[in-house]
Amino acid sequence: MIDATVTYSLSPGMLADLMVTAIEGGCGYWAHELELVSGTDLFEPPYYADPRFYCSPFKLALTDCEGDVHTIDADTLAKGWRLLNELYPRRALAVVDETYDAEDADVFLQLAVYGEIVYG
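One point on numbering: in the UniProt record's numbering, the residue at position 28 of the sequence shown is 28, and numbering is uninterrupted.
Hint data in this document are derived by calculation from the structure and do not stem from the laboratory. Here a beta-carbon is modelled for each residue, glycine too, at the ideal position from N, C-alpha and C. Please note: incorrect hints may appear among the correct ones.
[Unchecked claim] With beta-carbon atoms standing in for the labels, derived distance ranges:
(1) Y29 to E98: 18 to 28 Å
(2) M1 to K59: 41 to 51 Å
(3) E33 to A78: 17 to 27 Å
Put together the whole structure using the sequences plus the hints.
Quick look at the structure:
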């Protein structure tokens, strides 16, 4: 048997598409509010939909269904992508292949925010 680990890269455009799918389709049952805390004012809402948004420092505040507020920044999203690759490589491949769905995007965002799947 041959074991191999493959990690996929996520471009700003792929990240923007993944965030749109997560926020507007996948995680609405647990993520109730997303606000810009800091970042560039060059972009119009929804900030998360513009790939250029992820190329500069940013901070978002996500309020979940229990009223807890979570900070999302580049490090948070990098953690989610790393965990998706490590724990759910088929989902990461689906993102890279652009065959992912709202559930895959939801898993990514939960991994970013919580470090594990908490809801669903």
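Going through the hints against the structure:
no.: 1; hint: Y29 to E98: 18 to 28 Å; verdict: 24 Å, holds
no.: 2; hint: M1 to K59: 41 to 51 Å; verdict: 44 Å, holds
no.: 3; hint: E33 to A78: 17 to 27 Å; verdict: 23 Å, holds
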